[in-house]
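Please work from the sequences and hints to get the whole structure.
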Amino acid sequence: MTSTTSSLSGPAQFGRTYAWALRKNAGMTALIALLLFLANPLVLLVSLPGWISENAAREVMSQADRMRAVETAYTNFVTKIAPMLALAVLLLFCLVLCVGLFGYMQKKRSVDLFHALPVGRVPMLTGRWCAGMTALLLPLLADYAAMGIVGAAYGVSVTQGARSPLAQMLWMLLMCAAAFTFCMFMAVCTGTTLDAMLSILGVNGGYPLLILCVYTVAGMLLPGFAAEPAEHLAVLTAFAPFAAAFPAVFQQHTVWFLLWWILLTAALLIGSVLLYRRRRSETAEDNFAFPIPKILIRLILTAVGGLGFGLILSSMRGTGFLVGVIAGSLATHLIVEAVYSRGFQRLKKSFAWYGVFAVLFVVFYGALCTGLFGYDMRVPDPSQVESVSIDPNSSWTGNGSQIIYDENYRRLAVLAPTIREQGNIRTVVGAQRSVIAEFRARYPYRLKTIRGRGLSLFYRMKDGRTFSRTYRQYSADMDLEKTLDPFYGKLSGMREYAETRDLIFYVAPEDLARITMNQKNGDRSLPLDGAVAKRLQQALQQDFLDGKVNARVTKEVSVSLAGEVVGAASGPALEDLTVQLEFRQNLTAKTDRMKALLGGYRGRFNIQSGPYQLTDRSAATWKLLEELKYV
Amino acid sequence: MIEVKALTKKFGEKTALDRVSFTIGGGSVFGLVGSNGAGKSTFLRTAAGVYFPDGGQILIDGEAPFENAAVKSRVCLIPDYPYFLPQATLLDMAKFYSGIYPRWDGERFDELCGLFPIKKEERIANFSKGMQRQAALVCAFAACPDYLLMDEIFDGLDPVMRQLLKRVVSDRVAADGMTVIIASHNLRELEDLCDHVGLFHRGGILFEKDIDALRLGVCKVQAAFKPMPDESAFSGLEVLSRETHGSLVNLVVRGGREQVLEKLNSLHPVFAEALPLTLEEVFISEMEVAGYDINNILS
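These protein sequence lines are chains A and B, in that order. Each residue of the first sequence is one higher than the one before, starting from 1 at the first, in our numbering. Each residue of the second sequence is one higher than the one before, starting from 1001 at the first, in our numbering.
If you are wondering where the hints come from, they were derived from the structure by calculation, not from laboratory data. Take these hints with a grain of salt, some might be off.
As the list claims (entries may be wrong) - Computed list of lysine-lysine pairs in DSBU-like fashion (alpha-carbon distance at most 35 angstroms, straight line):
hint : chain 1 : residue 1 : chain 2 : residue 2
1    : B       : Lys1226   : B       : Lys1166
2    : A       : Lys108    : B       : Lys1120
3    : A       : Lys349    : B       : Lys1014
4    : B       : Lys1263   : A       : Lys107
5    : B       : Lys1014   : A       : Lys348
6    : A       : Lys490    : A       : Lys534
7    : A       : Lys108    : B       : Lys1263
8    : A       : Lys108    : B       : Lys1095
Every value quoted in this text rests on a predicted model; they were computed, and no experiment measured them.
Right, here's the structure in full:
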């Protein structure tokens, strides 16, 4: 027969799919919008009048201060509480929408319908993806618009310097796009909805745990390596969008972090489309349409089980690590295989992949035991070092002031003592060499759980590169504090070290608001006027240069059988006086040093201040306080 | 026209279609018959562009259907278990199909809804099996495809609905030149409806013939002999199956009726007569030749 038919064009196929999927999910979109409205604008609508009347009752406050207090409360809600709730709801609905929109490819009957339709697979998938994104985007936009309207109705807005709600909303959108695209990718790769959900949870839970275990094992095994998980959230959650969403929305990030999530989302989207085009319809109701994700997820979870159980056993008994790794990895492999294969029919075959894990583990553990190809021995060439920041990680009689926060008490900067003079840099590198020698005496390295104080060094090289090492005492037969004692002695004598130890060298006298003297016979707190503040600042600076304030505790450190570092604190301290400084709130940078420390930040800031403990009565500060009859 | 050239489809280790080649002419009603697991449903899904062939090709008017929206817009598949959108009514399905199939005919949809006793406002999930098939048929016919592929379509339909279906199919073939392929085990119904039939067995096609030619090419004869001649006496006939009860012998023989009777009469039977042969008997005989015999299965 001859007949002519004009089929839908590619864009028309996309448009029809998008419109239809959006219409089908209109109820879901409305539900998300309702939940977000209940969680955010409604709560704000109820709370705002309360905050206003609460502050209106405070007669001691000026009208401007009252408004500022309400704005701070509004800002806290809009930038901290609201995004938290919104993100939780949106991430949950990423899963729900994924099942609704992509579940069709995991049922043989629905595949017969959808794959027989005159709609290409690319428009079918992308149309549904766009519909899902719209279902997530519209309620979020409405949520933020509603919060803005509620704020405007009461004449409040987000305070200056706070994280921009718009930026947070855009981050939320990006992370939702990443999470939703990740779900779609898994739906394309798997054959059943259960396997898709298990895989999504497996990667989002397993990957961060794996990195955490790897960091922990490497930190316990490799001298010089220490990674604080909180400082490496970007790496920790690099392939886990659900886990990365919260830090992404609530923390400041580099442009690389932003770029990574944009690129990963794009890669997942393109990967999903390419794989879906190759996906065999008959794989619906099988475990997986493509085997690679299953292999990777099983490998990740096996490694997490092995390393995790190894660490648990090694914390009970130092030699239990390897036993724990074998037992934990084997058990996890069996569990994952049984869950994915719904039984043990393919168990024998799967052991080939357990072998891959075993080989990877041996390579990983072996590399760390032998110093990771010279990582343990590496020191920078002192002549190429521009500066080195030092965290002696020792005990001090007082903390002083090192941390700067912005107006909303988000951490802006932490002062770290920094050395720039060549002679001093050579001393630091020398100290690092002596620490390396101490560790190298115990080569090849073995896993130790005992931790003690140590030394962190952060070098900035002249060519712009950085080099950092953190040495922690991990062995009962090692006393790093003692090894470093001569170095700490030299360090205390370095003027540039003393001048970069405390923010008292960075602030202007007028930034000081009040002094509190904690004495045995009680506390005494006095406001500081300009002249006194200036003299007090000079006295404290002199004491830092003379080593007469916040001295290092030179206690005898020993390690108990339980692995705790114990020792009596016996530093040089004037026991009947601790000075507390109170800085004014919402400061601006007045000195060049402070401006340099804050980098490009030009907003207001606050300083967290700790105690200043004088060593003896010869300290300049003590003499000043005596002269002022404060003590 | 559908051209099938060395079509191969595998599911893991299992080969569902093994280098199948045949042609289905346009405007015909083609019956696909075969044993369970012969590859009939796989063939239909491959023809509808649901499955991608592992080897060979299937061409609909010269174009492969897989990922080809232009071809697929002219093809409609009703699988053995038709799927409907969750919570959908027939009206919802019509709305869905009308946005996708460019030749969707709303008037025909309404007309078919009048013919088949189903309520278009009711949820399809609440329909009986037969009514769900009717719903699928209504949607498929309203999409006005050039090629309608139906898998076990008679299952669950009552005799009246079967007759109605056959009438609607015949009307559409006559009026629009629609090509219909029906995979079914219900040979009685196919016999009435199809003009061509293809016999699938273990992933291959045993034959593809005009149904009349098939009937004429195989005949059933009954003859009585006294005494019964040796088995070798029948060697001149291409016997597909043979049953002997005393002096009475029933034979299914390949060849023309006159030609077979002539050969049989040369053996001087007490009597010999040709009996009408149903498609089912042809199917069973051919399958026995292919080794798919109840006696073989039981043994």
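Structure-based check of all given hints:
1. B:Lys1226 <-> B:Lys1166: violated, 47 angstroms
2. A:Lys108 <-> B:Lys1120: holds, 25 angstroms
3. A:Lys349 <-> B:Lys1014: Since the Cα atoms of A:Lys349 and B:Lys1014 sit roughly 19 angstroms apart, the hinted pair holds (cutoff 35 angstroms).
4. B:Lys1263 <-> A:Lys107: violated, 57 angstroms
5. B:Lys1014 <-> A:Lys348: holds, 21 angstroms
6. A:Lys490 <-> A:Lys534: Holds, at roughly 29 angstroms.
7. A:Lys108 <-> B:Lys1263: The given pair, whose Cα atoms are some 53 angstroms apart, is violated under the 35 angstroms limit.
8. A:Lys108 <-> B:Lys1095: With a Cα-Cα distance of about 23 angstroms, the restraint between A:Lys108 and B:Lys1095 holds, given a limit of 35 angstroms.
Of the numbered hints listed earlier, those contradicted by the structure are 1, 4 and 7.
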